[in-house]
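Trainee: Residue numbers (my numbering), protein chains in the order written: chain A, 1 to 285; chain B, 286 to 598.
Hints were generated in silico from the structure; no laboratory data involved.
Treat the hints with care, since some could be wrong.
[As the list claims (entries may be wrong)] Here are the in silico distance ranges between beta carbons for each label pair:
#1 A:S62 to B:R397: 47 to 57 angstroms
#2 B:F399 to A:A7: 52 to 62 angstroms
#3 A:R194 to B:R560: 22 to 32 angstroms
#4 A:D230 to B:G539: 22 to 32 angstroms
#5 B:R355 to A:I193: 47 to 57 angstroms
#6 A:A180 to B:A484: 51 to 61 angstroms
#7 B:Y587 to A:S62: 27 to 37 angstroms
[Claimed, not checked] Below 27 angstroms or equal to it, Euclidean Cα-Cα: the simulated BS3-like pairs (lysine-lysine) are:
#8 B:K456 to B:K529
#9 A:K242 to B:K398
#10 B:K348 to A:K242
#11 A:K10 to B:K398
What you are looking at is a predicted structure, and each value in this text was computed from that prediction instead of being measured.
Virtual Cβ for every residue (Gly too), placed ideally from N, Cα, C.
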Amino acid sequence: MTATSSAAYKLRRFGAGVAFYAIILGFCAAVLFPVYWMIVNSIQPLSLGMQFPPPLFPKEISFLPFTTLFENFPVARWLVNSLLLAGMTTLIVLALAVLGSFAMTFLRWRGKAAFGLLLLMTQMLPEALVVIPVYAMYRNLGLSDSLPALSLVDAAFILPICIWILKNSFDSIAEEIYEAALIDGCSPLGALIRTLLPLAAPGLVAISVVSFFYAWNEYLFAVTLVTSPDIRPVAVGLASLKVMLDTPIDRVLAAALFFSIFPVIFYLLIQRYIVAGLSAGAVKG
Amino acid sequence: MFQSATAEALEERMRQRRGWSRHNSLPYTLVFLIVAYLGVFILFPIAQQFLTSFSNNVVGVDKVTWVGLRNYERLFEDDDFWFAVQVTFTYMAFVVVGAVSLGLLAALLLNRKFRGRNLARSVIAVPWAFPEISAVLVFLWMCNPTFGVMNVFARLIPGIEDNLNWLSDPKLAMPLVIALSIWKAFPFTFLVILAALQAIPRETYEAAEVDGANRLQVLRHITIPEITPTLLLMAVLMSIFSFKQFTLIWLTTGGGPYGGITETLVLRIYQTAFRFFDLAYGATLGVSGFVIVLGLTLLFVYAQQRQDRARRS
């Protein structure tokens, strides 16, 4: 009696376990399908993708789109432009976010709450709301079609979030450490550079990744403020393939895949810090 | 004795330091730098938009003059504007509900212990890390009316024999854009909700187990109430994400098909200025968008304070 019921119990548990794994597997498969489809269509011969119904699994593999990636489109140029743009944006954001989060966390001053609210509002502002006057301003100043000028705008838009993320890192450093550095004779900025920054290294890495790939992915400012094909960053370059109907889709998806690998790897590595910063930090003033 | 004297001296020195830093100009210099920077690229442009909304500035107009509230009168009578507002809020509502509930579901599933859990968590985080442009390109290919794989799936549904037009179908365009946006957004809510679930103390669950509560009761009476502030915060963050969204809509439907079925306010602002060159009216639409941003900011502050209070108690 007990033996059979325990066997039945084991069987039921086993069944529930299988069902659970099936659900997880199905869910993950559904979520990853677009990525999978992108890979399949960039590594199978074009003729297989251009038929209906397309085979769900690749029957034949060819890496031609990848080996000829740099010949098909000005991929190298986009890459260099985006590296420059994202690199400059990251430097500006790092400098300003360090100072801003430091002031928010370790210094005492009036108006913290108001400053926090200002950051919050700029963070929520749609880019499309500002792009028209910025475009006009840049045209008047002769700054359109310049990557440094574009990086200034990108940095302004991602700065508030980065200040919150870094503030979250600073918050976890005991105030005594900062005070000890002051007692040892450091100036506040000296204490920031020598003591606080090394301790906040993960936060610095996190905001570097966030700002770098914001500029890497950003489309609206880039397409509006940059008109010359020579200085197009990746996002604009890829989007321009969309309208060229004669571009073979395997090449397009191969290029898109190539440019997606970097952000995916970096984001997954530092997701912990970004999530903590975005969900915990804001408006404590 | 000696020790306490040193401690007192230190204390005194710290007090001096603090007093010194209270009147110090350092924090104000730092903050001024940042405010000035944001001022040039964000605050000044917004102020300019505000001024432009009271003018008749259209590209090509001879003389730009002030026209008072005329643009705002036009705004209130503009059916296209109200339609765009309706589209915006419909889109936002579906993305918020979809992303938060899917994120919650995934978080509940992956909060259980099982082999391969970390791999599954990374897999689900991928769309969040995936660039929007790449997502758009593969999405367009999937929705291709002739070769798209979506038609393979659609034909599994009984009654569908022909290929669908997907993005150019007025009934399907909006649901597709919403689905793409949810796919891109829900991993973020998943990660945050998962973090909140992990922060629930074990004892809370153990107490419920002792009382003989079943799984559903635990979910309803313990888990959900514990993470309600986080869910609220995610709902607000998702409404901001969806309100701001430009790229995912612009590059897939461009606001179409037919008369702007998927044209949100943000797209309409862009179109008005860059396609119709009506800078003044574009700015007026922008001001209306700014009002919505203000409202969302207040909501965010409220949600955040609630979460803080919940965490402290």
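Trainee: If a hint holds in the structure, say so; if it doesn't, say that too.
Mentor: Verification of the hints:
1. A:S62 to B:R397: 47 to 57 angstroms: 41 angstroms Cβ-Cβ, so the 47 to 57 angstroms window is violated.
2. B:F399 to A:A7: 52 to 62 angstroms: Since F399 of chain B and A7 of chain A have Cβ atoms about 23 angstroms apart, the given range 52 to 62 angstroms is violated.
3. A:R194 to B:R560: 22 to 32 angstroms: With Cβ atoms ~53 angstroms apart, the hint is violated.
4. A:D230 to B:G539: 22 to 32 angstroms: holds, 26 angstroms
5. B:R355 to A:I193: 47 to 57 angstroms: holds, 55 angstroms
6. A:A180 to B:A484: 51 to 61 angstroms: violated, 30 angstroms
7. B:Y587 to A:S62: 27 to 37 angstroms: Check failed, 55 angstroms falls outside 27 to 37 angstroms.
8. B:K456 to B:K529: holds, 23 angstroms
9. A:K242 to B:K398: Distance of about 43 angstroms is beyond 27 angstroms: violated.
10. B:K348 to A:K242: Violated: K348 of chain B and K242 of chain A sit about 39 angstroms apart, past 27 angstroms.
11. A:K10 to B:K398: holds, 18 angstroms
Of the numbered hints stated above, those contradicted by the structure are hints 1, 2, 3, 6, 7, 9, 10, listed in ascending order.
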